[in-house]
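Peer 1: Note that the protein sequences, when read in sequence, are chains A and B. Mapping the first sequence onto the UniProt record's numbering, position 191 (from 1) lands on 191, and the numbers just tick up by one. Mapping the second sequence onto the UniProt record's numbering, position 249 (from 1) lands on 249, and the numbers just tick up by one.
It is worth saying that the hints were derived from the structure and are not from the lab. It is possible that part of the hints are untrue.
Said to hold, decoys possible - In silico lysine to aspartate or glutamate, EDC-like type, Cα no more than 20 angstroms apart, as pairs:
(1) A/Lys27 <-> A/Glu431
(2) A/Lys510 <-> A/Glu481
(3) A/Lys613 <-> B/Asp221
(4) A/Lys27 <-> B/Glu400
(5) A/Lys510 <-> A/Asp528
(6) A/Lys613 <-> A/Asp60
(7) A/Lys613 <-> A/Glu582
(8) B/Lys131 <-> B/Glu3
(9) A/Lys613 <-> B/Glu411
(10) A/Lys27 <-> A/Asp48
(11) A/Lys27 <-> A/Glu53
(12) A/Lys27 <-> B/Asp235
(13) B/Lys131 <-> B/Asp272
(14) A/Lys613 <-> B/Glu400
(15) A/Lys510 <-> A/Asp497
Fair warning: this is a prediction, and the values are worked out from it, not measured in the lab.
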Amino acid sequence: MRLAGRRTPEVSAWEEFPVNQGALCRKGWAAAGLYGGRERLTSPLVRDRGTGEWSAVSWDDALDRVADGIRAAQASGGPDRVAVFGGGGLTNEKAYALGKLARVALGTSQIDYNGRWCMSSAASAGIRAFGLDRGLPFPLVDVEETDVLVLVGSNLAETMPPAARHLDRLRERGGKVVVIDPRRTPTADRADLHLQPVPGTDLALALGLLHLLAAAGAVDPAYLAERTTGWEDVRDSVASWWPERVERVTGIEAHELRALAAMLGRSPRVMVLTARGAEQHSTGSDTVLAWINVALALGMVGRRGAGYGCLTGQGNGQGGREHGQKADQLPGYRRIDDPAARAHVAGVWGVEPDSLPGPGRSAYELLDALGTPDGPSALLVLGSNIVVSAPRATHVTSRLEALDLLVVCDIVMSETAALADVVLPVTQWAEETGTMTNLEGRVVLRQRAVTPPSGVRSDLEVIAGLAERLGSAASFPTDPEEVFAELGRASAGGPADYSAITYDRIRDEKGVFWGGERLFADAFAHPDGRARMHAVEHRGAAEQPCADYPVHLTTGRVLAQYQSGAQTRRVRSLPDDGPFVELHPLLAGRIGVGQGDVVRVATRRGEMTAPAKVVPTIRPDTVFVPFHWVGANRLTNDALDPASRMPEFKVCAASVVAHA
Amino acid sequence: MPERPQRIVVVGGGMAAIRLAEHLAGDDRLAVTVLADEPHAPYNRILLSAVLEGTHSADALTLRSEEWCASNGIDLRLGARVLEIDRDTREVVLVDGQRVAFDRLVLACGSIPTLPPIRGLVRRDGSLHPKVHAFRSLADCRRLEAAVRPGQRAVVVGGGLLGLQVARALGVRGLLTEVVEGADHLLASQVGPGAGGVLARDLRRLGTEVYTGARAVRLTDDGLQLDNGYVLPTDLVVLTAGGRPSTALARRAGLMVRRGVVVDHTLTSVTDDRVHAIGDCAEHRRRTTGFVAPAWEQAEVLARVLRGEEASYDGSRSVARLRATGLEVAVLGDPERAAGEVVEVTNPLTGSHRRLVVHGGRIVAAALVGDLSRVGLITQLYDRGTLLGPDEPGQLLLPEAPDAPAPLPDEAEVCACAGVTAGEVRACGSVGECVDRTRATTGCGGCADVVRRLVEGSPTPVAVG
């Protein structure tokens, strides 16, 4: 980032940065386009519920109004009447301060964040299998060292384009890339083997793969004996997943599965990376466990250039889940129901351990409870555009509308902010300093480069302002470096221990890994040092196609947009042609639509219309809709994974017809 | 005082039995005993031919270990052969005289291989001729494995799914193998003569001779004699001529038996509502099956019935897949007898036969032989009963069209990362200039090849995508 002229910031490459070596995609190059836009909010706004009119108010008036609303809600029904909803894009400092605000100043258990909808299945599986969740337990560049890279449900060539360069270098070295995705994506185009399973069947595919590896004696018995527990049950559980059975369930032809097994079975180093395609299911955490079992059975986890990892989906996907904005966690990736963790964190905060609330509702359950007799009546939202990004979005929107008080902190009038009673304009990335923990567990520092417009405050200042008004027992510093130091003390001794990391170290070392650069070389994080293998079974998607809703619907991203699009849709240099419905020529022929014709997609929860994009690269029994616009998530299913509470974004039953 | 758990006794230790036990595991209201007559922990029987072929190790077949059963509250008794069912006292009697009491009895006895009427097969003392092998159990598989030597001759009697798998397995193991099938073509109970002919051709190509319309009548020291006069010299004879439901126990106990133990939609004997049957030994709506998928569906339904839940078995859609290297067969439903319109593509030149039976716009049966393209999709459409357009069945049978290469128009986006069109790239004099001016290739790098060709003015069309 540099400043050209007086006011216009410009993005430039930082070639020494080890993660991307200076490469960016067009979202990165265009990120400065968010500055100076007409849509930028620069004054707190309150909405008159009677007329719907917005009026600008002072910060004091706005914060007083929020504090009054919180007090009123809590007076009527206790602390849990107020809820907090955070985001995986918030800096570590903000995530930490937000969790502290909830637990100390608000005293509410009702806090969760949109990262629950992102990496929670992988996080849950990682903790169960390895005793620890760090997206990648090795640097991303290790990808280039493996012999076979298996990407399960990742389209990184579009979602994190610079990372795709690793695939090319891997292949130049003679390594192989396998992509598992119902769509032949640009990532799949770079693969040596692409398998296109029925959405929601990645778990069965993993079981079938492990079946073949076990049957061929390709597993590593010494590793299994020394470094894992549970292999015998897992081995027996996959005996019933022979390739032709897998074919019937997944649609992957038996010979393709055999080809994959043969490729893995003879390779010294195998790396499996999962992403949202595998994880955003009601069976997401079991699916990840099944793929982890493959990596463990081959003896790969902990070996250089091999193993298992999760590709995070948000700017601070990793750090966002470590410091207390998750319903069941305290800073340092501690459990909120662990008495020792409570005592430690309460000590740092200067409060009694008993004063900390227990675990609250998960993200979707929290939203589903809003405005109900037992649920919160006031909600504070930071770094999230719920109306676009929540599953079963029409229902969730109606829950937001049922609140007595909705407060949204944002940089623009997002679809969610538009429903709020109070909108607080906050600083954006280059206007503030803070740390993020990237997909490798590397803590990086983003330093303030430009002066924020007058009238906006940082999220840390908003949090401090509210805490003060609510008479918080703990102090809330607003200097990011000070907050980071406190976060370090609160996380000390926890699974994600930041206590030895400082801003100076991050600057000097171009990022610092928590826990070390590579994990699990000698031991896993369970007390006995062994990884746990869990026998998991295929259950399938919660909603299966039927006569009324005969196709699978899956959702995902396009390159030029990011998440709910609240930012990217407002950058003029990024193309925004709106949503589309991707479908196969066979299906297009069946319903009689051609390229660009408007189609209507409906599920049991809602419907949308968009132009058809007819492509041979998608399964003929599946349609795809990108989720950056209002629409896709009106359709998606709110069935939850029992372990991670991840909603089933990636598959449900839908109908698709030509729009009259 | 809590009620005593309901005692559920399962006769049989095969794939249906253990699947039922898995579904019942962990329910304290039930005490489940599995009486398995084989000495091994329950294993995946359908992969025995893969063990013979050498693609699967035998120890990878175990479905549930004794330890698993013990820790999940399943009383698994191996080598427990049932002699008799006493419905009056509600006990089963084992061959060793032990009696096991039940509240509910589940018959999951499987099937018994049919012994074809071949003279000399059975010796005077009732044992099989030493050259003769059945192929039903792990013990059969091990005995056959121990007997095979590369270069030996083998004859497989029975050209059904199992016979073809065993024949291929023996061929892969280096035996000179021949198949004898009494019907006019191979796989006669699943597919028509066209498909059977393709299979016979494939087998011959793989070195296995096929005799159809021929019955083996006599085994002598010279070999196996057929009713057409041929004598096939052989070291081994493997019997794969099908099986019949194992119903002797049920019959003796006075339960209604036709071909199998007759059960209703709750998989309960029509004679005794405390007795159930699942898997190969059960007859539901006048049908018995020899496949594992319906057996497992029945196990799941019966588990719910036994737990007191509402559940009913409505029949199964069958998908039969050959598991043998070099032979490609999928049979969905009953493609010879299902009612509907037939869409068929046969190519004797390449040796493929593809047939869909479509009724009311839905695929109700299919046979794919020699070319399994899109078998995964066709199976999905069949299993889910998807309503298709009139052109679809035909398109499903044709080869998938490759993406046609097209010249890139100037407005086509070449570099998605930086948002650069083909025209903008063409306007550059070199790749380096293009990188500097447009940032093309600097993101994911996927367009580098296309950019180079565009800049060099390559005359060949460039495929989009």
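Peer 1: Tell me, which hint numbers fail for this structure?
Peer 2: Those not satisfied are hints 3, 4, 5, 6, 8, 10, 11, 12, 13.
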